[in-house]
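Novice: Chain by chain, the residues:
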Amino acid sequence: MADKVGTVEFIIAGFGGQGVLFIGRALAFAGLARDVNVSFIPSYGPEMRGGTANCKVVVSDGEVGSPIVEEPDVLIAMNRPSLERFVNTVKPGGTVFVNSSLIENEVERGDIKAYRVPFNELAREAGAERVANLAALGAYVASQDFFTLEDMEGAVKEMVKGKRVELMEANLKALRAGYDFVRNLA
Amino acid sequence: MGKKILMKGNEALGEGAMRAGMRHYFGYPITPQSEVAAYLSKHLPKRGGVFLQAESEISAINMVYGAASAGRRVMTSSSSPGISLKMEGLSYLVGSELPCLIGNVMRGGPGLGNIAPAQADYFQAVKGGGHGDYHIIVLAPTTCQEMFDFAVMALNLADKYRNPVMILSDGALGQMMEPVVIPDEVPIEEYDKSWALTGAKDRPPNVVNSLFLDEKELEEHNIKLQEKFKRIEENEILYSEYRTEDAEYLFVAFGLVSRIVHSVVDLARAEGIKAGLLVPKMLWPFPKDRIAELAEQCRFLMSVEMNSGQMVEDVRLAVNGRRPVYFYGRMGGGVPAQRRVLEELKSHIEGGTK
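So the protein lines, in turn, are chains A and B.
As numbered in the working numbering, residues 2 to 187 make up the first sequence, in order.
As numbered in the working numbering, residues 78 to 431 make up the second sequence, in order.
No lab work stands behind these hints: they were computed from the structure.
For glycine and all other residues, C-beta sits at the position ideal for the given N, C-alpha and C.
Mixed in with the good hints there might be a few duds.
[Claimed, not checked] Calculated Cβ distances over 12 Å to all of chain A for the following chain B residues:
| hint | residue |
| --- | --- |
| 1 | 146 |
| 2 | 158 |
| 3 | 338 |
| 4 | 374 |
[Said to hold, decoys possible] Taking lysine-lysine pairs in the BS3-like style, the calculated list, with each CA pair at most 25 Å apart, reads:
| hint | chain 1 | residue 1 | chain 2 | residue 2 |
| --- | --- | --- | --- | --- |
| 5 | A | 5 | B | 80 |
| 6 | A | 158 | A | 174 |
| 7 | B | 305 | A | 158 |
| 8 | A | 162 | B | 81 |
| 9 | B | 305 | A | 164 |
| 10 | B | 119 | A | 164 |
| 11 | A | 162 | A | 174 |
| 12 | B | 204 | B | 305 |
| 13 | A | 158 | B | 119 |
| 14 | A | 158 | B | 81 |
Chain A extracted, bound-state conformation:
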């Protein structure tokens, strides 16, 4: 576990209902718990009532400058329109997580690292397809060494406290499934 995060900028995008804002808020909660600076900004336009949704998160040891992420270090694309819209904005050397359950396209850029992970299948095996977002979060955690799986479990428990308790087990299982999937690629 590293004790510095540097500055990591995220764009997390998908269909409305895929829980992309949840991923962003979990990162923000986990960052707060680890005492680094965070900002989270959701797309709040008509798009959240159907169509695509996205959020932008910045996690930093220093002051967060612009919260409006233009060139992310990390892109999590839960569906194809999101990958197509944002993949060319990722910084060279950045990372993209592609939901291979729903996206057939390959990432054609050679200057970024791409993980193809079947988030929906992993979630279904964990008990509920609707927690595919947690599998994505787990996959991200496995790719870096600042946030731990425990940080994210803590954030998720904090966020769903008292709500949708029936999904808690599936949430945590999916988180671990995404994590294990990427760890096993290494």
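Knowing the structure of chain A, use the given hints to seat chain B on it.
Specialist: What follows is chain B alone, placed relative to chain A:
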């Protein structure tokens, strides 16, 4: 030290006002401001306050007039079109010298516009959007923490000067979440409120009014108000600076845009361009003396805004022709992109060396 929690800017605004003793809120919902009302509707009654959703923005601002007349700390909030509706009431509040907090979480205009972030209500806020000669103090937060802190400051300043104070925010600052430190206690300043309408038991009745039919009387009232505005200008100022010590090119930006330009300054510096940034956190009074002072060391200044060029006029007044003052802006909910602002800066640098 208090506790640090993750909050939306809109929630932080409501929480800050409550911590500063605001117990009366009157409003009407509008995106992207509605979380202020949603948050207060949940928390204000628990703290012994009154949350009331009025039938319109016009009702809400006049309810503010009523509660302020009674000497209570009171607040309303809205977003651009709703703020326009409150302008008549705002003028009455200033005319009657009533303290209150007004939150404007700006969206794209004109007209119904859209719900994206914008800064196009700058003129309306700082030049007096209602009728008559007046000013209100305008605070421009840049973080969720400042949404909280400035709400406290605003209610103190309002009581200090018996004048409305506006927090001029935007849809992005309202909707975004950041950690906010909620101190155990906030500084609540107490000012004389012997003017308030509290029942006149054992004292002569007070009158709160903005009607002065006699011209001489109204002129004298205006002179008194102008003296107050002058006093505010002499005593109140709030801004921050970033890498200005050796800056040759000075950006001026407020609110959300100042965060974007903060990043642009780093991009420019990485290329050896000596850029700096001044962020007015109070838009009226405006930090004109400091801008004039910094202009001396700079080749030019550049105002970046989410409008067609409003604050840039005040920057130009401050610089008074001694240096070129350029402008870059986006309208209708567009947010300036860092690289685009940097290009704009470079184009003026190149233009200047020809």
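Novice: State for each hint whether it applies.
Specialist: These are the hints, each one checked on the structure:
For residue 146 of chain B, the requirement that its beta carbon stay farther than 12 Å from each beta carbon of chain A is met, with the minimum near 36 Å. Against the 12 Å criterion, residue 158 of chain B stays outside the reach of chain A, whose nearest CB is about 17 Å from its own CB. The beta carbon of residue 338 of chain B sits about 8 Å from the closest Cβ of chain A, which is not more than 12 Å, so the claim that it is off the interface is violated. Every beta carbon of chain A lies more than 12 Å from that of residue 374 of chain B, the smallest distance being close to 24 Å; the non-interface claim holds.
Distance hint between residue 5 of chain A and residue 80 of chain B is fulfilled; the C-alpha atoms sit about 22 Å from each other, no more than 25 Å. Distance restraint check for residue 158 of chain A and residue 174 of chain A: the Cα-Cα separation of roughly 13 Å lies within the 25 Å cut-off, and the hinted pair is therefore satisfied. Proposed proximity of residue 305 of chain B and residue 158 of chain A is contradicted: the alpha carbons are some 53 Å apart, above 25 Å. Note on residue 162 of chain A and residue 81 of chain B: the hinted pairing holds, with a Cα-Cα distance of about 18 Å set against a maximum of 25 Å.
Under the criterion of a C-alpha separation no larger than 25 Å, the hint pairing residue 305 of chain B with residue 164 of chain A is inconsistent with the structure, at around 52 Å. Simply put, residue 119 of chain B and residue 164 of chain A have alpha-carbon atoms about 18 Å apart, close enough for the 25 Å limit, and the pair holds. Of the supplied pair hints, the one linking residue 162 of chain A and residue 174 of chain A holds, its CA atoms being roughly 17 Å apart against a limit of 25 Å. Proposed proximity of residue 204 of chain B and residue 305 of chain B is supported: the alpha carbons are some 16 Å apart, at most 25 Å.
For the hint linking residue 158 of chain A to residue 119 of chain B, the alpha-carbon distance of about 23 Å falls within 25 Å, and the restraint holds. Our distance criterion of 25 Å between C-alpha atoms is met by residue 158 of chain A and residue 81 of chain B, whose separation comes to about 18 Å.
Consistency note: the structure conflicts with the earlier hints numbered 3, 7, 9.
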